[in-house]
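Chemist: With chain A held as given, fit chains B, C and D onto it using these hints.
4 protein chains.
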Amino acid sequence: MIDIELSQSVNSLVSQFKLIRQQSLNLCSGLSEADMQAQSMSDASPLKWHLAHTTWAFESFLLKPLDKSYKQYNADYDYLFNSYYNGIGKQYPRPMRGLLTRPSFDEIINYRQYVDNAMCVWLDNLTTDQLTANKNQIEYLIQLCFNHEQQHQELILTDLKHLFSFNPQSPSLSTKHPFKDQLTTLSNNEAAMEQSVSFSAGLYFIGQNEAPSQAGIGFCFDNETPAHQYYLESFKLDTQLVSNADYVAFIEDGGYSKSEFWLSEAWQLIQSENRQMPLYWRKIQHQFYEHSLLGLRKLPLAHPVSHISYFEANAYANWKQKRLPTEQEWEVAAITQPEQFRGLYNQLWQWTSSSYSAYPGFKPTQGVVSEYNGKFMLNQYVLRGGSIATPQHHIRATYRNFFAPSAQWQYSGIRLAESI
Amino acid sequence: MIDIELSQSVNSLVSQFKLIRQQSLNLCSGLSEADMQAQSMSDASPLKWHLAHTTWAFESFLLKPLDKSYKQYNADYDYLFNSYYNGIGKQYPRPMRGLLTRPSFDEIINYRQYVDNAMCVWLDNLTTDQLTANKNQIEYLIQLCFNHEQQHQELILTDLKHLFSFNPQSPSLSTKHPFKDQLTTLSNNEAAMEQSVSFSAGLYFIGQNEAPSQAGIGFCFDNETPAHQYYLESFKLDTQLVSNADYVAFIEDGGYSKSEFWLSEAWQLIQSENRQMPLYWRKIQHQFYEHSLLGLRKLPLAHPVSHISYFEANAYANWKQKRLPTEQEWEVAAITQPEQFRGLYNQLWQWTSSSYSAYPGFKPTQGVVSEYNGKFMLNQYVLRGGSIATPQHHIRATYRNFFAPSAQWQYSGIRLAESI
Amino acid sequence: MIDIELSQSVNSLVSQFKLIRQQSLNLCSGLSEADMQAQSMSDASPLKWHLAHTTWAFESFLLKPLDKSYKQYNADYDYLFNSYYNGIGKQYPRPMRGLLTRPSFDEIINYRQYVDNAMCVWLDNLTTDQLTANKNQIEYLIQLCFNHEQQHQELILTDLKHLFSFNPQSPSLSTKHPFKDQLTTLSNNEAAMEQSVSFSAGLYFIGQNEAPSQAGIGFCFDNETPAHQYYLESFKLDTQLVSNADYVAFIEDGGYSKSEFWLSEAWQLIQSENRQMPLYWRKIQHQFYEHSLLGLRKLPLAHPVSHISYFEANAYANWKQKRLPTEQEWEVAAITQPEQFRGLYNQLWQWTSSSYSAYPGFKPTQGVVSEYNGKFMLNQYVLRGGSIATPQHHIRATYRNFFAPSAQWQYSGIRLAESI
Amino acid sequence: MIDIELSQSVNSLVSQFKLIRQQSLNLCSGLSEADMQAQSMSDASPLKWHLAHTTWAFESFLLKPLDKSYKQYNADYDYLFNSYYNGIGKQYPRPMRGLLTRPSFDEIINYRQYVDNAMCVWLDNLTTDQLTANKNQIEYLIQLCFNHEQQHQELILTDLKHLFSFNPQSPSLSTKHPFKDQLTTLSNNEAAMEQSVSFSAGLYFIGQNEAPSQAGIGFCFDNETPAHQYYLESFKLDTQLVSNADYVAFIEDGGYSKSEFWLSEAWQLIQSENRQMPLYWRKIQHQFYEHSLLGLRKLPLAHPVSHISYFEANAYANWKQKRLPTEQEWEVAAITQPEQFRGLYNQLWQWTSSSYSAYPGFKPTQGVVSEYNGKFMLNQYVLRGGSIATPQHHIRATYRNFFAPSAQWQYSGIRLAESI
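Residue numbers (the numbering used here), protein chains in the order written: chain A, 1 to 420; chain B, 1 to 420; chain C, 1 to 420; chain D, 1 to 420.
Excised from the complex, chain A in its bound form (with noise of 0.2 Å):
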């Protein structure tokens, strides 16, 4: 859990608005303009554009539409840091972000700087009627912003981390860096815990309603919307996630070579890449090793196992002759009972076995946000929970994470569940 003291301590959006942005520069701590540069694949992004990216989200979908004393910045960044807003314009392309050695990391300091002052002004001006009109749309937008930052918070972690894979000399964060610890310990499994948590059959109440007008209350992502009804049969979801040792036992059993666990898909891609064990796993002399941010170290067999597919995650259910649990199955433990559980939200994210789709009923937000999250559901698969790199104050039970079945750079593990 990287985080900071948000909600309690904090009684103005622009003291939020400060505490969120700083944020993404502590996580920086101890790097190099090299570091914040390089682009370790398509599906990853340069830290450096990160940081410029979330600046140019609140210029653009805030400052640019609602301040009309606002001065855009610089206009060559609307091609450069969109990201993916067709209704705002073309982007640069995803693959060839690296190659933006310039605007300087400086330059984007200053562009940081820039876009901070005139958010708060911005922000310190606004009077509760503005924040509220249009059913709280702007005080949505503003909430929505804030999220979107500090899920680039984690993306820098684990871009940063994918980068690192490719070093032989295993990088390390530096030692002056403000998360270095929790970033790298995971809590060990507990031998003495129940197992399993029963569930009956049943009608339950699935997400959030109407999350825009009670923003301020409780934000959500549309995606999370409408509140519905879901019918549930009977199940039980394991209380600990899978560790380390549970999966190096799978490994030895010849997981990786025996076919019958692998969805067709998986089977393929293990097959023609000679795929072992996880991504960042490495055997030396009959030892299984991972890299993380400490650098190459043994593997901790009583941490739970981590940057895991949906593919591995899959096979793993079925050698285990259990199962991946629905996002909605998740959902009704997470809110019900989450005290019987560990690791819900601060140690990995947990693959279910839902394809990302839309809620019943589902609208995107109105504007150029309603590219945020709908156009990106398919083939994807819903993850649920949290991890340690995961902003504390930017995760509830309802929400839904999603990423491709073979992505593997994220803080993703392995939460079983059973029908009974």
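To be clear, the hints were calculated from the coordinates, so they are not data collected in a lab. There are no misleading hints in this set.
Note that identical chains are pooled: a pair holds if it fits in a single copy or bridges any two copies.
The list that follows gives simulated cross-link-like pairs (lysine-lysine, DSSO-like), each with its CA atoms no further than 30 Å apart: (1) LYS135 with LYS236; (2) LYS283 with LYS90; (3) LYS322 with LYS236; (4) LYS258 with LYS68; (5) LYS258 with LYS283.
Only a predicted model underlies this, so the values are computations on that prediction, with no experimental measurement involved.
Modeler: Below, chains B, C and D alone, put in the same frame as chain A:
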């Protein structure tokens, strides 16, 4: 509807078997060995290979395990004609099936006859006790192989149509082809017909129970089981399929150049490949034509639009400010009010918004055929209904067809839904 | 040497034409339509396509421009059967030739007969004046088309062999195939033979002069012209080709795992594709076999090593501390001392170290056939001699064959040289 | 001509060494760590990597084998900074060099200083006897490493220019960059100048003899040896390079849309990538601009056309009904009449029609540096001369530069020849 008189007039498994097997050959009427040899893409197979593979299925799923007197025709065929059953062994690489010019077509006909003879003898000698042993497991496997052959009959037609689409001379089915007219003539939409039918919210039963034991009465695949409750919000379903004329309106409104209608992945695809219209449409001197099994012809505007990807179906629905139905909505409509709808089964498969996944409590059929359906439950979308190329007795309201969302070479169309 | 009795006994162009045309069909003896339809890679073509394309060449280079009474058989064929003549028009994409199941094989035979008839009438009626007009331009074009058909005769065999190599059942030519024995039996190396022949330094004439005007006497391609002086240092050329036994020694000395023998690009290729032996070799239980037109058979150790890429030939030469000859060295040897060398023309093409480029003063043949050779003078290496699959009357000492350095599917071997 | 006063004023190897090493750093003036980190394509390297790799060369080719007191700076660097010397060991994958954000830039500067110190001590203590032992082998290796660093100095500039070309903001060299003006200003063509110079046919000496033993007097690479006779037909060579104005005329005559000017492989490339002009040209509102190290600017019409591929040079020559010179023609002209020609060495490298291959009797330098040149003698074409980005003392008439025929990112231009 390519079909044979089946269930009523045929009172023995042997007769059913013969009719089904003959049908596969009938579909190849008037084709040359070359037509049956070529493979137009990895997703398609040579027609000759379909004829061999379905034969191999009878041999591998029935004769070899269940008929002790059976001698395998040629052990090499386990490698050549196994599609994807890792439980049986390795497979000749799918994209290269078109290179297998040997065994020759004549040899494959011999193979069919050899297996057909063995099957007829074995079926004739099967006692009712044997047939219904182990909860009708043998009867179920027989029906599975029958249905498997029927599935490949539709693929024979879609793969042939795809192959012919690469030929600038626009080949046509032989005038003597038994299904020439059916395969090329869809039903015109009716202007006067009621537009949609409403369904109220509530819990519905979806799917079928205990398929294997009831195979004799009504076969279904394992992926249709078990029956389970599903809560639906109220919705409307259109009574007719979207027509070519409707789809032309979408194109002429700039449908293929407006990102807002498309899923992110779909938009990237149509941009990178400069797609402007459905797969088989051609625009010649400002006029739309379509590639058909009768060759190139003017687009019949009143026909349902066909060979549409999920991407296109979804974009069209967005443009129309409606949506695709879920597979559960489609099934409830098809079971409760089939008479209200045109073209439920005999025009085009209908894309649903449902990602292909396991029903709650799903258990794959035991044995080698466990690979039949389950391992494909990823990144595919469910189509419901049936098409003019589907054997009529092969389909039912609970049938779940599935293809990748980019797939266009199937007889797939669009039926729209709305939340109410 | 696949061949027909040609130049001596045949005193008319018509007779020559008929013999050459028949030979292409003879080479397809015992093959099915399927065998003639499949295309195993982009560099190869379906046999059926070769039969059509060579016909199209007679039609396009002779009948259409020179025979005013000729009516084109089918204008579509200009698109379907044009190989690479942009001067004539666009071409059906080469990698997709295997998808052209129509026109049917019978239709292509009709096409051949139609063109053959027209050619025979036209050739019969050609006056000597017409034939030798414009410095024998017409006679030259006729001979060019004859030679073109002969080049495709060799490709028919190499493409068929390549296709069959993907078939795990190891197909074989029909026992009635007229060249079955010739095509599968190379000459054993002779232990007692002199090892090399020396040549002294000096200026030599290379190539041929004014080919078109002397076509009747001795045809050559434009790329063999003009004759020019070339200075050679003294050198030795081996009298025999490298044998399979020699090449086995290279492999067993770790040839494929030692980078020092390989060109950089070659090393990358064999590393990335894990190459361990020549294309058509198989290692089965510690024994080498080779794919041949007789099916799989034990590697004949005394045969010359065949189906070798330039990469492999060069690596072998480095290992042997010799080198490949330049094309000029080869030509001087072949012209001045042909009797000293085994297998100059009738075993395997011999890689030279010469990049395929224009001779000093080279001018392409005028007209559409200017594209025949010149535009390929890039990144290809010259092979000299001829092979068991080359029509005997097609070849000569100045003949320049050329392929990409990675190409392995031709009947290519190794003859080594040394500087002295 | 980026250069330092070298040979005349510098009377010690140490001084030469220091000047050359400093020059590499000078070329990076005003660049950020990010600019030096990014890698724009596999063929290019990060500038930081160039700085490390050239250092590694001094360490690996001189200090480690020859200076017994030397302690390696960091053994990991043998993997990270080895370019392609398999004789030394495996190499970090070239396309991923941009991911090596560590070692940091500062660390690489430390590495340079460490090696520079060791080199200076070692060079200072070298006796003449040591230096000239084994036929001057040590002196030769020292000069090789000097020349190697100079080659990378040109690559630093071409790789930087390539990287900046992807930046829509058109970055420019710092105003303080020591070579800013030289690098961006070519010489205008002169209208009044003689157009071509003729050379008579005959035997000429090409290349240099026994390079290593004469290294102190005049260094050359092994690929320039041995000197040998070469017969040339009479020819003319243009005195000036083709200008941007000339090349615009080619474009405006439809040069990029007429297949007849292009080699087959070139035509496929420009068709498939829709090429319309040279790599760094941009057409903005009917006006040509070029990307330069000063940013985007109007195309200077009187400058020589630059960043031209062999494909383009060859097509232009065909359009002009001339041809590219062979490398032997170029060398003869440069040696016998250098004063007749503008821009032989200090404008742009000049493509020749010669495929890069071994001279008769070529023997690679012994030892690890045998991989320096020889293994790249495939599918590359020779460029002669030198460019504004080439260190002036690095070049000579016999110098053979070489790149793939599609390469455009070098300072390459066109000088035409004709047969007479």
